[in-house]
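Novice: Sequence:
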Amino acid sequence: ADVINFDGQGVISYRFKMKKMKIIKDVIALRFKTSESEGVILHGEGQQGDYITLELHKAKLLLQINLGSNQYGSILGHTSVTTGSLLDDNHWHSVVIERYRRNVNFTLDRHTQHFRTNGEFDHLDLDYELSFGGMPYSGKPVGGGRKNFKGCMESINYNGDNITDLARRKKLDTSSFRNLSFSCVETHTFPVFFNATSFLQLPGRAGHNTLSVGFHFRTWNPDGLLLFSNLDDGTLEISLEDGKIVVHINVSTATRNSQVDLSSVPGFNDGQWHAVRLVAKDNFAALTIDGEEASAVHSTSPLTINTGGTYHLGGYFLQTLFPPSRRSFQGCMQAILVDDQPADLHAVEKGIVGAFENVSLDMCAILDRCMPNHCEHGGRCKQSWDSFSCTCDGTGYSGATCHTSIYEPSCEAYKHLGRSSDTYWIDPDGSGPLGPFKVNCNMTEDKVWTTVMNNLPPKTAVTGSSRERRTVLQVNYSASMDQVTAITTSAEYCEQQIVYSCQKSRLLNTPDGTPYTWWVGRGSEKHFYWGGSGPGIQKCACGIDRNCTDPKYDCNCDADLAQVKEDSGFLVYKEHLPVSQVAVGDTNRPGSLAKLTVGPLRCQGDNNYWNAASFTTPSSYLHFATFQGETSADISFYFKTSAPYGVFLENLGNTDFIRLELKSPKVVSFSFDVGNGPIELTVHSAMPLNDDQWHGVMAERNVKEAVLQLDQTYRASRLAPAQGHTRLELFSQLYVGAAGGQRGFLGCIRALRMNGITLDLEERAKVTPGVKPGCQGHCTSFGMYCQNGGKCVERYNGYLCDCTAAAYDGPFCTRDVGGFFEAGTLIKYNFMPEAVAGASRDAKILTHQLTPHEVNLTKEEVAFSFSTSSAPAILMYVSSRTQDYLAVVLRQNGSMQVRYNLGGLQEPFAIDVDQRNLANGQPHSINMSRVNRSITIQLDHYPPVSYTLPLASDTQLNLVKTLFLGKVYETGHIDPVLIERYNTPGFVGCLSRVQFNGVAPLKSALRAAKQARATPTAGQSDRQPAVASPVSHQGKLVESNCGASPLTIPPMSAATDPWHLDNTDAEFPFNEERVIPDGVNRDSAIIG
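Just so you know, the sequence shown maps onto residues 910 to 1997 in our numbering.
Keep in mind that a hint or two might mislead.
[What the hints assert, rightly or not] Derived DSS-like pairs: lysine-lysine, alpha-carbon spacing no greater than 25 Å straight-line: (1) 1153 with 1291; (2) 934 with 1080; (3) 1413 with 1347; (4) 1080 with 926; (5) 1056 with 942; (6) 1059 with 929; (7) 926 with 969; (8) 1080 with 931; (9) 1681 with 1572; (10) 1675 with 1700; (11) 967 with 1190; (12) 969 with 1291; (13) 1945 with 1870; (14) 1059 with 1080; (15) 1368 with 1153; (16) 928 with 1079; (17) 967 with 1080; (18) 1504 with 1291; (19) 1059 with 967; (20) 1356 with 1435; (21) 1153 with 969; (22) 1870 with 1768; (23) 1919 with 1700.
To be clear, the hints were calculated from the coordinates, so they are not data collected in a lab.
Generate coordinates for the entire structure from the input sequences, incorporating the hints supplied.
Specialist: Right under this line is the structure:
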């Protein structure tokens, strides 16, 4: 037989013919069996640090290989791969290691792992020998705590040499063996397998004053009773409690009660064999685990032992209040000792001694449910006897197998959740192999900007480089290259600024055409163009614009001048981005210097998020390649429809299938079959789903469970059966939009992602009858995000919030537009028809934003916020061609007053809004509306208060002329009280989000000022005459966000306010609706 028995001492030494071997290809094959969990199977090493080791570690097979590291530590070659589990089962296992250069196939029992070794070297440099069965024999104890292999090996082959045959013919050194045997010596272990309803009863000596028991056990369960015995006057228990081995000895006599408790460290439910030994006698007890006497647990508590004579193992026999799962031991035992004598399990098996129930003798049916590991993305697998679970903490993923990302795929997705600009974790491929990473999301523009930073300091100086020895600057990012590529691939547009500042340092121009400096982008490809230019054009931005320093060259720096010059611009060909290296090659001459800046990568848009298709006929569908999701599958998408039913997608196998469909207007179904019979999960919506609104669907199926989720609100799940098929085997094409042409879906499907890969619906729809790329009607679902009067505008791949008529800016019209006023600053907004007529000719200004629809107003809507520390002041004044006006002022004491003069009254109608001093530097807001005589005013977050114009007053604000902010500078009739008391020196502070009916005068003024600054005035004689603007300002006006939301806390409810009095029990002299004519409340007093 081609077998060698290893006794744990001997090692076979295979000496090389040449002392040093430089090996580029290896093939190693052998078979082994053992009952030991540790042991070196083969080892070889070289003096340069190369090595290869195959060993058993915790009953798993560990291959460690190093093809070389360098002395500086920049190249680390160590590679470690683990496979298999519970290999100490005394069964034969076959191993094959195939290596060519850095590529390795590692096969155990026909299960192959392919990997590439770390480092950059290809050869395995070994010296002198390769040893089998342990580390090379030196006559000294094995170092590093590694044990030699104990068990049997056969069919050992190394690069074509039959090691077993060579050893038999004494061609190899086997001198370390005491007795080399070419037959497998069988072990004498006799394991016992316990399930949840098993126990084993063994006899022992009764009435003895020393108790001595021992056994080996292995299990995955953290709890279970291992051994129990009734003493003559007490009990003994050895159990697992939370993975700890715990001993309880209770002795009760007529004179005293004694209790001894011993406990180990946790972690003994790891599936490995562990040896337990307990010795107890008068006033002494010792618990030894795995033979480690130094760490044994002792007790010297008072104790008297008198053994009972019967020992029970397995725990199920106990009739206790605990359920069997708590008291029963599930696992294996062997090497059982009672009274220092091995238990004769053969006699037990024959029924001669002891007793047992539901015990399997001479076998250990333990399974490792974490091998293979179904926990994805670094999730940690934990198991019990009949199941496993995944701990996903810190991985960025969730679900039963840590499959689903907890982060959004892009900044675009965060925007449509209503998030503001910030740093976010994104996961572009969802459940795919790329991990989550941090990016900066800028939401302030219509399109979202995603920014990935790099570590190259701005203006990095480069000297001493030449064309022969270029200086290469490495540009590393806050994400891996694969992660960054995922962003650029899905983005609509990307850019990266690159700046080369030079003194006598040429950039691109060389006699032979190869530039002095180049940059390396995605895929390690060199590029010979610079920022502002494009692929295939060896130029800088000035060469494209024809304004370089020297017209003979296409870059400023190529003029080779001693003065500082610069070539800069944006690289925008996203298939080449990001910049990963820059090689600089002309800074070695006297006076030469270059400074390089590579900006962050900035990308805009997310094509995956808006990738959509419209299905217009019941028989239309798209087809894609077969879905690959054997053990783990996730599918997510959005849909909108007005049809009552339809199949979203389907993929078939012989009997297996997977399908998602809208079964009825309120029901979405996820059905599949992996060989255990069809399973269907359904979620029921409270509202109809055929409402032409977007709805989100997420379905996941793995070996643990299946989950269906709708709109992140409705969820259904189903646990997978404990036993059964787990692989989803499909072979047909994936159909999207129908099931074999039946029950076709009518509507739109968007952002369809399967196992992290977004399917390109738009591209496939372009060539498919009955399906159109893209989808209209986004505003029906997303229009709610356009706030504060912003209007939703449809786009092919999304929507836009038009904030033209709103007093706000930003992607959702939610960013305050405010301005800081100095003393004397004012804004004047004309409602005159001639100004309107002129302005309406400007395509950039819409008539409806400039003026109320009526020149004579019977209703107004006024809203703004302000902050100031000065009073008095005019906040807003609306004049007319008559004596009518509306004014909002702060009085001398800082309180607010609203003044209406509509005619019919001798004095203007004045409303004292609040007696508090609002000129306190804090932001405040006012919302005011009038319809005929009814006026409603809300200050800050306090409840609105209603007022009524007197019957004698007119209700029409006639011939509206001009709106002023901050100060009034007007001709014609103006209320002298207003001017004398409140107009000097003018408002000082901030106003923001000012809205009057459909007009945003403050925003218009700020935008007009910005446009004026951006428009050059010189040399514009040939331009069209400027269009008259309705808005103008005097004094210094600076845009500011200081008019933020008021900080006033909303009032407490009556139920929680300790100062609240029921109005039926108390009379208040102050009437909130009463107008105080002179601003002095005669019925109030200030205390303190």
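Novice: A separate judgement is required for each hint: does it hold in the structure or not?
Specialist: Outcome of the hint check:
Proximity of residue 1153 to residue 1291 is assessed by CA-CA distance (about 16 Å); at most 25 Å being required, the pair is judged to hold. For the proposed pair residue 934 and residue 1080, the alpha carbon gap of about 24 Å is at most 25 Å, so the pair holds. For the suggested pair residue 1413 and residue 1347, the alpha carbons sit about 39 Å apart, so the restraint of at most 25 Å is broken. Straight-line distance between C-alpha atoms of residue 1080 and residue 926 comes to about 12 Å, which keeps the hinted pair within the 25 Å bound.
Note on residue 1056 and residue 942: the hinted pairing holds, with a Cα-Cα distance of about 16 Å set against a maximum of 25 Å. Distance check on the hinted pair: residue 1059 and residue 929 sit about 29 Å apart at the alpha-carbon level, beyond 25 Å; violated. A threshold of 25 Å between alpha carbons decides the hint, and for residue 926 with residue 969 the separation of about 33 Å lies outside it, so the pair is violated. A hinted pair counts as satisfied when its Cα atoms are at most 25 Å apart, and residue 1080 with residue 931 qualifies at roughly 22 Å.
Restraint check for residue 1681 and residue 1572: the C-alpha separation of about 23 Å stays at or below 25 Å, so the hint holds. Proximity of residue 1675 to residue 1700 is assessed by CA-CA distance (about 31 Å); at most 25 Å being required, the pair is judged violated. For the given pair, residue 967 sits about 34 Å from residue 1190 by alpha-carbon distance, which is inconsistent with the 25 Å threshold. For the proposed pair residue 969 and residue 1291, the alpha carbon gap of about 16 Å is at most 25 Å, so the pair holds.
Distance check on the hinted pair: residue 1945 and residue 1870 sit about 24 Å apart at the alpha-carbon level, within 25 Å; holds. Straight-line distance between C-alpha atoms of residue 1059 and residue 1080 comes to about 22 Å, which keeps the hinted pair within the 25 Å bound. Between residue 1368 and residue 1153, the direct Cα distance comes to roughly 60 Å. Violation of the 25 Å bound is thereby established for this hinted pair. Pair hint residue 928 plus residue 1079 holds up; C-alpha atoms about 20 Å apart against a cutoff of 25 Å.
Pair hint residue 967 plus residue 1080 does not hold up; C-alpha atoms about 33 Å apart against a cutoff of 25 Å. About 54 Å separates the Cα atoms of residue 1504 and residue 1291, which puts this hinted pair outside 25 Å; it is violated. With a C-alpha separation of about 14 Å, the suggested pairing of residue 1059 with residue 967 holds against the 25 Å cut-off. Pair hint residue 1356 plus residue 1435 does not hold up; C-alpha atoms about 31 Å apart against a cutoff of 25 Å.
Taken as a hint, the residue 1153 and residue 969 pair is honoured in the structure, with Cα atoms around 23 Å apart against an allowance of 25 Å. For the given pair, residue 1870 sits about 15 Å from residue 1768 by alpha-carbon distance, which is consistent with the 25 Å threshold. As the CA atoms of residue 1919 and residue 1700 are separated by approximately 23 Å, the hinted pair is consistent with the 25 Å bound.
Of the hints listed earlier, those the structure fails to meet are numbers 3, 6, 7, 10, 11, 15, 17, 18, 20, in rising order.
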